[in-house]
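Heads up: the protein sequence lines correspond to chains A and B, in order.
Our numbering numbers the first residue of the first sequence as 6 and each following residue consecutively.
Our numbering numbers the first residue of the second sequence as 78 and each following residue consecutively.
No wet-lab data here; the hints were simulated from the structure.
The reader is advised that the hints may include incorrect statements.
Claimed, not checked - The list that follows gives simulated cross-link-like pairs (lysine-lysine, DSBU-like), each with its CA atoms no further than 35 angstroms apart:
| # | chain 1 | residue 1 | chain 2 | residue 2 |
| --- | --- | --- | --- | --- |
| 1 | B | 134 | A | 110 |
| 2 | A | 61 | B | 94 |
| 3 | B | 94 | A | 73 |
| 4 | B | 94 | A | 22 |
| 5 | A | 73 | B | 92 |
| 6 | B | 92 | A | 61 |
| 7 | B | 92 | B | 134 |
| 8 | B | 92 | A | 8 |
| 9 | A | 73 | B | 88 |
| 10 | A | 8 | B | 88 |
| 11 | A | 46 | A | 110 |
| 12 | B | 92 | A | 46 |
| 13 | A | 46 | B | 88 |
| 14 | B | 88 | A | 22 |
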Amino acid sequence: ELKVEQNPLFLSMQEGKNYTIYCNYSTTSDRLYWYRQDPGKSLESLFVLLSNGAVKQEGRLMASLDTKARLSTLHITAAVHDLSATYFCAVALLTGANSKLTFGKGITLSVRP
Amino acid sequence: GAGVSQSPSNKVTEKGKDVELRCDPISGHTALYWYRQRLGQGLEFLIYFQGNSAPDKSGLPSDRFSAERTGESVSTLTIQRTQQEDSAVYLCASSTNTGELFFGEGSRLTVL
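Isolated chain B, as found in the complex (with noise of 0.2 angstroms):
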């Protein structure tokens, strides 16, 4: 597509339900990222894919978070047995081989 497609764009959800988070990077570029934004905070990287690998998983607050990306393509954030504490807008990118990343419009996460 012309940008990343996140969805949804907005999800309420209640304490310990699971929740996917979708994201839809760019045609042909390699390597995407989540990043996690908190209310009026910076982003805080989660993890990235080169190709279907995540060569950095190191930003996964806990066990209960985890990615996959299938095809070089569409990846999958879920969380699961969600904690108020995770609400928070999580945002996709896609990058070209500068590194330039082009984000998403973000999902954003409220967990009741």
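The following block holds chain A by itself, in its conformation from the complex (with noise of 0.2 angstroms):
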């Protein structure tokens, strides 16, 4: 069973600094995404890496993944509070066009001043 991991769960950030999380998974899959959620709306997809070494930015945000190490970081640079949400990463079970997404628990982030 797919498994996938984030840490830390709840991250508060001081504006300006820089700041990496992290979401790990348990089985083989070279396909990952990022998704950004605030308090009572749905999911917005931030970003898709479908391969080895992929890197995608997107303002102060940078996504990564590494499939040897099962492991994906979203570095966040420069934090503004706008950026307060909760950050799910999401792992796709089979490789293939269409296969199921397991969801990691989520990270909150919170930007204070």
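Dock chain to chain to rebuild the complex, using the hints, since each chain is given by itself in its own frame.
Rendered as structure tokens:
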């Protein structure tokens, strides 16, 4: 059974500082996704990582995937309040176009002044 | 439509009643997924459809839960004889050929 673990589960960040959060998973997969969820809202797709060594950047967020280590990192540069949300990673159980995604429990980020 | 549409957005029901939740995926997306999210928790997989068939329904919690999809489009998730532990947000998503899921706003179910 595929297990997806995220840590830490909660992170208080100071504005302007850099942080890294982690997602690791238990079974071979080359498809990993990051989503953002604001309170009371649905999930918004952030990044799709489809191969070993994939790196994607959007604004202050950069995601990377190491399939050999079964690890993805989400790096936050110079945190700002707008980044406060819960971030989920999800891993595809089967390689292929359409397969079940298993989600981690999410990491709640809170940016303080 | 432009995005995944779910209805109702909110449903309050009494224990023991049946409920139906509807999902209208993005046009042309062949795969459709149902997830459940309890308050403050992560996403729990329920079922996914490829076309009108469901290759994986392993996440359905009990035989009170069922889902169908017709016309490779709309899907309905039915919960019979609802229990209080069924209270959650039920999220529907459809996907592209990259497997990236696009989520609807969810249907919040409260069972009294």
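Structure-based check of each hint:
1. B:134 / A:110: 21 angstroms, holds
2. A:61 / B:94: Outside the cut-off at roughly 46 angstroms; violated.
3. B:94 / A:73: 48 angstroms, violated
4. B:94 / A:22: 51 angstroms, violated
5. A:73 / B:92: Violated, because 48 angstroms separates the two Cα atoms, which is more than 35 angstroms.
6. B:92 / A:61: Given that 35 angstroms is the threshold and the Cα spacing comes to 46 angstroms, the pair is violated.
7. B:92 / B:134: 24 angstroms, holds
8. B:92 / A:8: 33 angstroms, holds
9. A:73 / B:88: 44 angstroms, violated
10. A:8 / B:88: Given pair residue 8 of chain A, residue 88 of chain B holds - Cα atoms ~31 angstroms apart, limit 35 angstroms.
11. A:46 / A:110: Measuring from Cα to Cα gives roughly 16 angstroms; hence the hint holds.
12. B:92 / A:46: 26 angstroms, holds
13. A:46 / B:88: 16 angstroms, holds
14. B:88 / A:22: 42 angstroms, violated
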